[in-house]
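With the working numbering applied, the sequence shown covers 2 to 514.
Quick caveat, the hints were computed from the structure, so don't treat them as lab data.
It is possible that part of the hints are untrue.
Stated by the list, open to error - Using 30 Å as the maximum straight-line C-alpha spacing, the simulated DSSO-like pairs for lysine-lysine come out as follows:
#	residue 1	residue 2
1	K77	K480
2	K179	K435
3	K172	K480
4	K81	K329
5	K494	K480
6	K175	K81
Note that the structure is a prediction, hence the values are computed from the model and not measured.
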Amino acid sequence: MSLDSITENIDESVSGFFEPIADWLGGIVFYSVNIAGADVPLIVTWLALAGLVFTGWFGFVQVRKFRLAVDVVRGKYDDKDSAGEVNHFQALTAAVSGTVGLGNIAGVAVAVSIGGAGATFWMIVCGLLGMATKFVEVTLGVKYREVHADGTVSGGPMHYLPKGLAERFGKNGKSLGKVLAVLASIMILFFGLFGGNLFQVNQSYAQLVSVTGGEDGAMGSSGGALFFGILIAALVGIVLLGGIRSIASVTSRLVPAMAGIYIVACLVVILVNVTAVPAAIGTIIEGAFNPEGVAGGILGALIIGFQRAAFSNEAGIGSAPIAHSAVKTKHPASEGLVALLEPFIDTVIICTMTALTIVIANPASWGEARDGESIGGVTITSDAFETVLPWFPYILTVAVMLFAISTVLTWGYYGLKAWTHLFGRSRTSETVYKSLYTLFVVAGSLLTLETLISLADAVLFTLAVVNIIGLYLLAPVVKRELNSFLDYVRGRKAGDSDETGGDADDETTKATV
Numbered sequence: 002m003s004l005d006s007i008t009e010n011i012d013e014s015v016s017g018f019f020e021p022i023a024d025w026l027g028g029i030v031f032y033s034v035n036i037a038g039a040d041v042p043l044i045v046t047w048l049a050l051a052g053l054v055f056t057g058w059f060g061f062v063q064v065r066k067f068r069l070a071v072d073v074v075r076g077k078y079d080d081k082d083s084a085g086e087v088n089h090f091q092a093l094t095a096a097v098s099g100t101v102g103l104g105n106i107a108g109v110a111v112a113v114s115i116g117g118a119g120a121t122f123w124m125i126v127c128g129l130l131g132m133a134t135k136f137v138e139v140t141l142g143v144k145y146r147e148v149h150a151d152g153t154v155s156g157g158p159m160h161y162l163p164k165g166l167a168e169r170f171g172k173n174g175k176s177l178g179k180v181l182a183v184l185a186s187i188m189i190l191f192f193g194l195f196g197g198n199l200f201q202v203n204q205s206y207a208q209l210v211s212v213t214g215g216e217d218g219a220m221g222s223s224g225g226a227l228f229f230g231i232l233i234a235a236l237v238g239i240v241l242l243g244g245i246r247s248i249a250s251v252t253s254r255l256v257p258a259m260a261g262i263y264i265v266a267c268l269v270v271i272l273v274n275v276t277a278v279p280a281a282i283g284t285i286i287e288g289a290f291n292p293e294g295v296a297g298g299i300l301g302a303l304i305i306g307f308q309r310a311a312f313s314n315e316a317g318i319g320s321a322p323i324a325h326s327a328v329k330t331k332h333p334a335s336e337g338l339v340a341l342l343e344p345f346i347d348t349v350i351i352c353t354m355t356a357l358t359i360v361i362a363n364p365a366s367w368g369e370a371r372d373g374e375s376i377g378g379v380t381i382t383s384d385a386f387e388t389v390l391p392w393f394p395y396i397l398t399v400a401v402m403l404f405a406i407s408t409v410l411t412w413g414y415y416g417l418k419a420w421t422h423l424f425g426r427s428r429t430s431e432t433v434y435k436s437l438y439t440l441f442v443v444a445g446s447l448l449t450l451e452t453l454i455s456l457a458d459a460v461l462f463t464l465a466v467v468n469i470i471g472l473y474l475l476a477p478v479v480k481r482e483l484n485s486f487l488d489y490v491r492g493r494k495a496g497d498s499d500e501t502g503g504d505a506d507d508e509t510t511k512a513t514v
């Protein structure tokens, strides 16, 4: 039996078993209600509402403290004696690498095809709101993290939900928190294996095949797929062995490089068509408020834009606090401010650049997709670039590969923290996980497992429901942490060497085993 037939049988068997489960959970998590002719997914409303609430609760912190966030990333308020493993910039790039991926390339194209150009406007709005949510969850991630005896750090919803709820609500909060922590760990681990790993490898391999002659090309065979999977698995395995410091070292170079390549390519298309920019912006704004829009008018464009932004930047999901918790700081809110830059980079900049490039280039495939034809998002984006850069599919392949590898690395770390929360931090336990994760990288080049990937999406967004409830309950803690850090900043600006407001946070970073 050939390798192709084996993998096909596995795909069919897995899909047959998990499809009913995926359909059932997906129907609950992504349940939609019809409003004015548009299907409104309640989970998207839940995520967007959280951003709106936290934006008001913290007085537009994403606008008022944007400059301060940039200063923190630049190291202006660093403290070398702080517990942690990485600096602010490395923590940011590690977290961004987990969100910036194929969704920024393919997902945006699908959004502007279904929701029209106006979806871009609402995508930006949702990205701006998501900045506040990200600030809240990451501040809690650092506040309630665990710094182990060997200097490594563990954080995320599996830590701040039980600790924070116990602190605020006593015994009942502690019991509830423990249950939520286990559920959060299972959800993050499941998505890490299938959505953050297998799917990324599968799609990057598909793009590589498309530019090397298709199924009949050098990489189109099952042997080529196996070679690709083993190569990426080896690279990922080597980096994972080094932990967050190794991952951060790679992503701090990889993320700026991949974002730079992609943004420069977008700017080339935009500058070549610079005379069309005003009309494109006008089309986006008009489409955002045009009742005759593609998918249900204003509401349709809004929902599609919000959905793309929410799925892209993962604000409120609870994943990013895991990476940010490893930062060197005594002030949890300092990293919360750094984290609010994440949706800005992911959604407001990169997703918007993709959308603007497509609208300006206006490739034939985009028009066909708007007419209802089934065309892949990567194809539309590639065609938009190809109108100016005929060789761009090769550059896009490099970008897709970089996006995919960085996402696989970061979700490998997220999954490791979920795994060790469930099964302990022993060397054996970690080795088992890392071996399993690298095997999934190889599987990603051979298998599609679409049903499991759909199930992984549903599982991850189930976590968003639990996580955001926790964020609401713990928001007063975040308020205190923000005020503490702002006091510290004022003291630094006044030349006060004493870290005002810092002592209150020391207990959160004491070493625990």
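Now for the hints, and whether the structure bears them out:
no., hint, verdict
1, K77 x K480, "22 Å, holds"
2, K179 x K435, "25 Å, holds"
3, K172 x K480, "23 Å, holds"
4, K81 x K329, "7 Å, holds"
5, K494 x K480, "21 Å, holds"
6, K175 x K81, "33 Å, violated"
Hint 6 alone, counting from the list given before, is not met by this structure.
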